[in-house]
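Trainee: One-letter residues, chain by chain:
Protein chains: 2
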Amino acid sequence: MIEQFSFRLMMTDGAARRGEFATPHGKVQTPAFMPVGTQGTVKGLSPEDVRGTGTEIVLGNTYHLMLRPGAERVAALGGLHTFMNWPLPILTDSGGFQVMSLSELRKVDERAVTFRSHLDGAMVELTPERAIEIQMLLGADIAMQLDECLKLPAARDDIARAMQLSLRWAERSKRAFETKAREGCALFGIVQGGDDLTLRAESARELTGMDFHGYAVGGLAVGEPQEVMLKIVAETTPMLPDSHPRYLMGVGTPHDLIEAVARGIDMFDCVLPTRNGRHGMAFTRRGAINLANARHANDARPLDGESEHPVARTYSRAYLHHLTKANEMLGAILLSTINLAYYQTLMAGMREAIAVGRFAQFREQTAAQWQRGDLPAL
Amino acid sequence: MIEQFSFRLMMTDGAARRGEFATPHGKVQTPAFMPVGTQGTVKGLSPEDVRGTGTEIVLGNTYHLMLRPGAERVAALGGLHTFMNWPLPILTDSGGFQVMSLSELRKVDERAVTFRSHLDGAMVELTPERAIEIQMLLGADIAMQLDECLKLPAARDDIARAMQLSLRWAERSKRAFETKAREGCALFGIVQGGDDLTLRAESARELTGMDFHGYAVGGLAVGEPQEVMLKIVAETTPMLPDSHPRYLMGVGTPHDLIEAVARGIDMFDCVLPTRNGRHGMAFTRRGAINLANARHANDARPLDGESEHPVARTYSRAYLHHLTKANEMLGAILLSTINLAYYQTLMAGMREAIAVGRFAQFREQTAAQWQRGDLPAL
Chain A
1 MIEQFSFRLM MTDGAARRGE FATPHGKVQT PAFMPVGTQG TVKGLSPEDV RGTGTEIVLG
61 NTYHLMLRPG AERVAALGGL HTFMNWPLPI LTDSGGFQVM SLSELRKVDE RAVTFRSHLD
121 GAMVELTPER AIEIQMLLGA DIAMQLDECL KLPAARDDIA RAMQLSLRWA ERSKRAFETK
181 AREGCALFGI VQGGDDLTLR AESARELTGM DFHGYAVGGL AVGEPQEVML KIVAETTPML
241 PDSHPRYLMG VGTPHDLIEA VARGIDMFDC VLPTRNGRHG MAFTRRGAIN LANARHANDA
301 RPLDGESEHP VARTYSRAYL HHLTKANEML GAILLSTINL AYYQTLMAGM REAIAVGRFA
361 QFREQTAAQW QRGDLPAL
Chain B
1 MIEQFSFRLM MTDGAARRGE FATPHGKVQT PAFMPVGTQG TVKGLSPEDV RGTGTEIVLG
61 NTYHLMLRPG AERVAALGGL HTFMNWPLPI LTDSGGFQVM SLSELRKVDE RAVTFRSHLD
121 GAMVELTPER AIEIQMLLGA DIAMQLDECL KLPAARDDIA RAMQLSLRWA ERSKRAFETK
181 AREGCALFGI VQGGDDLTLR AESARELTGM DFHGYAVGGL AVGEPQEVML KIVAETTPML
241 PDSHPRYLMG VGTPHDLIEA VARGIDMFDC VLPTRNGRHG MAFTRRGAIN LANARHANDA
301 RPLDGESEHP VARTYSRAYL HHLTKANEML GAILLSTINL AYYQTLMAGM REAIAVGRFA
361 QFREQTAAQW QRGDLPAL
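Here the protein sequences come in this chain order: A and B.
Just so it is clear: in the first sequence, position 331 is 331 by our numbering, and no numbers are missing.
Just so it is clear: in the second sequence, position 35 is 35 by our numbering, and no numbers are missing.
Some clues are possibly wrong.
It does not matter which identical chain is used: a pair holds within one copy or between any two.
With a cut-off of at most 30 Å between alpha-carbon atoms, the simulated DSSO-like pairs for lysine-lysine come out as follows [to be verified]:
{"id": "1", "residue 1": "Lys43", "residue 2": "Lys27"}
{"id": "2", "residue 1": "Lys27", "residue 2": "Lys325"}
{"id": "3", "residue 1": "Lys107", "residue 2": "Lys325"}
{"id": "4", "residue 1": "Lys325", "residue 2": "Lys174"}
{"id": "5", "residue 1": "Lys231", "residue 2": "Lys180"}
{"id": "6", "residue 1": "Lys107", "residue 2": "Lys180"}
{"id": "7", "residue 1": "Lys325", "residue 2": "Lys43"}
{"id": "8", "residue 1": "Lys107", "residue 2": "Lys151"}
{"id": "9", "residue 1": "Lys174", "residue 2": "Lys107"}
{"id": "10", "residue 1": "Lys325", "residue 2": "Lys231"}
{"id": "11", "residue 1": "Lys27", "residue 2": "Lys151"}
{"id": "12", "residue 1": "Lys151", "residue 2": "Lys231"}
{"id": "13", "residue 1": "Lys180", "residue 2": "Lys27"}
{"id": "14", "residue 1": "Lys27", "residue 2": "Lys107"}
{"id": "15", "residue 1": "Lys27", "residue 2": "Lys174"}
{"id": "16", "residue 1": "Lys43", "residue 2": "Lys151"}
{"id": "17", "residue 1": "Lys151", "residue 2": "Lys174"}
For the record, the hints were derived by calculation from the structure and aren't laboratory data.
None of the values given here were measured: they were computed from a predicted structure.
For reference, chain A alone in the conformation it holds in the complex (with noise of 0.2 Å):
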């Protein structure tokens, strides 16, 4: 029997959640982050190595499998679980944000959004419909409505037509993946009204009133400050029905996640974890390490000789600068797996705090380390 979404909060402090949910492909704990398996791959990492980091769930990208390897193939050679052979649940995006972020030429009208693909310069359109009919080809455990998403900052006006866009596709996509949604498959719908509260109290109104199975807070960490972020977060979440899960799309930075959980966040995605892996940063409890800077260069200790994770309390420091200036795979490979580790054993001390009432002094003694810095070079 194929499991179907449900959400379970479990415990409440402050406004931090700790909460589960169960898809076709398996339970998720939250507050959770999902690492960006963009082309089908967490970048660097092998699915057993994305496991090994502690994740349960990872997002792919709708914008670029559909336009390569296609979504049909996909479907046709088993989904997208069997495809990248990875067993535990997915969360695709609907490629609104990445048509917003990766495409030159772009038309956006009532009926669809039409771009020029980064690959081979062709010409896609793509629909609220077409979006879920991907989604479900790549067989999701959770699907995200089309939704415009405009950069900040921008005029009130833009950001208002884009929001009461994104509601009418909203619909679209609901009725879309009410007809052709796959077994036990969510879908999310996407608040957005930029840095304009009234925008987003409405855009929460009629989205709660169309009963997703979850809400995500869209169309922010694209270019405002971290506070405007955190301030239409804390807003926001409260217009939302405690029963259902809520994920703030694309974010963020250690900081931000802990920021965004005290406002009621429950699921994140966000590609720094591997791409600052990919270029010598290291995410750590005594924060961001720069691998690249010669400091490292003949420093026998690990990144972090406490982690859970082997890979770093294993390696030294040295060899790290070492395979980051020689531009090694493996530097980016083992960098990624720190970051990430590091990442979802910052989500499970979360959880934990939350589950016994402790989640502010976990908050306050989490961002103390971080700015107590890195221990000295030796």
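Model the placement of chain B on the given structure of chain A, informed by the hints.
Mentor: Frame of chain A; chain B shown alone:
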């Protein structure tokens, strides 16, 4: 107690030899293939992944490591085994071959080879004595003498001069080794002489008189046709003592390996399995397969369902094709792993066949399977 280097010839089958050598970091079964860890990492694989392919020994490059991170630094960090987290044996080359192939400006005289670093343009000098010192600083289990290596074709006079110089450098390497060697470490001499059998014979005779722990056949796989290489190997190995291991440097394809074992070679190193893996090529029991080819795009079959290695059995050709086309790191990682696993399976097959006196049949059957080619596309 540190194990002293020793070689034991266990069985012969025609000219093919089944043996074992012992080093301070453990035993190695021969014929053996050594993956190349140029810059302190076998490209794209963690040490655990390398071990998972059945690898018992890796090669480290003196040229690269002396320039970055520097031999003294590696020594201060505990040696190359600790630095790269590889607890099994390491053979280091002497740097001579890379000076020829990588540095644009170089000058060879009696005393040293002087070259311009490909990293920062600095002029660097490498003497036979310094090459030994570097290899001892790295902590090699097997060190190689410094030699002068020419590309083929070359004039006989040039080949003779380089071979004679290499003999004098062999003597100096041996003397340096005798004063600086780490306990249990071995030193191999390198037979030179290009494609000239008279020069090869002179080189082999002089070197064996110096009594090295093992003998390499160098200066091959440098531009000459395969039949020339195999002829030189076939004529050279009988000039070397049965009691010592024989190492064919920088070779080769699976076909090269099996044919060289048939001519009495015990050890190999080559970048092919990892380099070709990074370029979408897989080595399999059914020959080489180019995963970039569009015929694999819809092929749900694994590369080799009968492989002993899970990676070759698990991921579909369609997925490997996708990763290759998308230039994803995981494509390079998986194909490098599959290729090394195939190389080690081939070596294990040769060892088993020699042990039971069926090497000729193994050689014939393996070649026939390659020639039948890959399974037809789905």
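Trainee: First find the shortest C-alpha distance between Lys151 and Lys174 inside one copy, then the shortest across copies, and answer within, between, both or neither for a cut-off of 30 Å.
Mentor: within (25 Å within a copy, 67 Å between copies)
Trainee: Is it within, between, both, or neither for Lys27 and Lys151, if the alpha carbons may be no more than 30 Å apart?
Mentor: This pair counts as neither: shortest intra-copy Cα distance 33 Å, inter-copy 60 Å.
Trainee: When no copy is specified for Lys27 and Lys107, does a C-alpha distance of 30 Å or less occur within a copy, between copies, both, or neither?
Mentor: neither (39 Å within a copy, 65 Å between copies)
Trainee: Check Lys107 against Lys180 for me: Cα-Cα at most 30 Å, and say if that holds within a copy, between copies, both or neither.
Mentor: Intra 26 Å, inter 71 Å, cutoff 30 Å: intra-copy only.
Trainee: How would you classify Lys107 and Lys151 at a CA-CA limit of 30 Å: within, between, both, or neither?
Mentor: Cα proximity of Lys107 and Lys151: one copy only (15 Å, versus 58 Å across).
Trainee: One pair to classify: Lys27 and Lys325, alpha carbons no more than 30 Å apart. Within, between, both, or neither?
Mentor: Classified as neither: same-chain Cα gap 40 Å, cross-chain 33 Å, threshold 30 Å.
Trainee: Is the C-alpha distance from Lys43 to Lys27 at most 30 Å within one copy, between copies, in both cases, or in neither?
Mentor: Answer is within; shortest intra-copy Cα gap is 24 Å, inter-copy 36 Å.
Trainee: When Cα atoms must be at most 30 Å apart, do Lys325 and Lys174 count as within-copy, between-copy, both, or neither?
Mentor: Neither: 49 Å inside a copy, 34 Å across copies.
Trainee: If the cutoff is 30 Å on CA atoms, where do Lys180 and Lys27 land: within, between, both or neither? Let me know, please.
Mentor: within (23 Å within a copy, 60 Å between copies)
Trainee: With 30 Å as the alpha-carbon cut-off, assign the pair Lys107 and Lys325 to within, between, both or neither.
Mentor: The answer is between: 28 Å across copies meets 30 Å, while 42 Å in one copy does not.
Trainee: At most 30 Å between alpha carbons: which applies to Lys325 and Lys231, within, between, both or neither?
Mentor: Cα proximity of Lys325 and Lys231: none, with 39 Å in one copy and 42 Å across.
Trainee: Cα distance capped at 30 Å. Does Lys325 pair with Lys43 within a copy, between copies, both, or neither?
Mentor: both (19 Å within a copy, 14 Å between copies)
The structure is inconsistent with the numbered hints 2, 4, 5, 10, 11, 14, although it conforms to all the rest.
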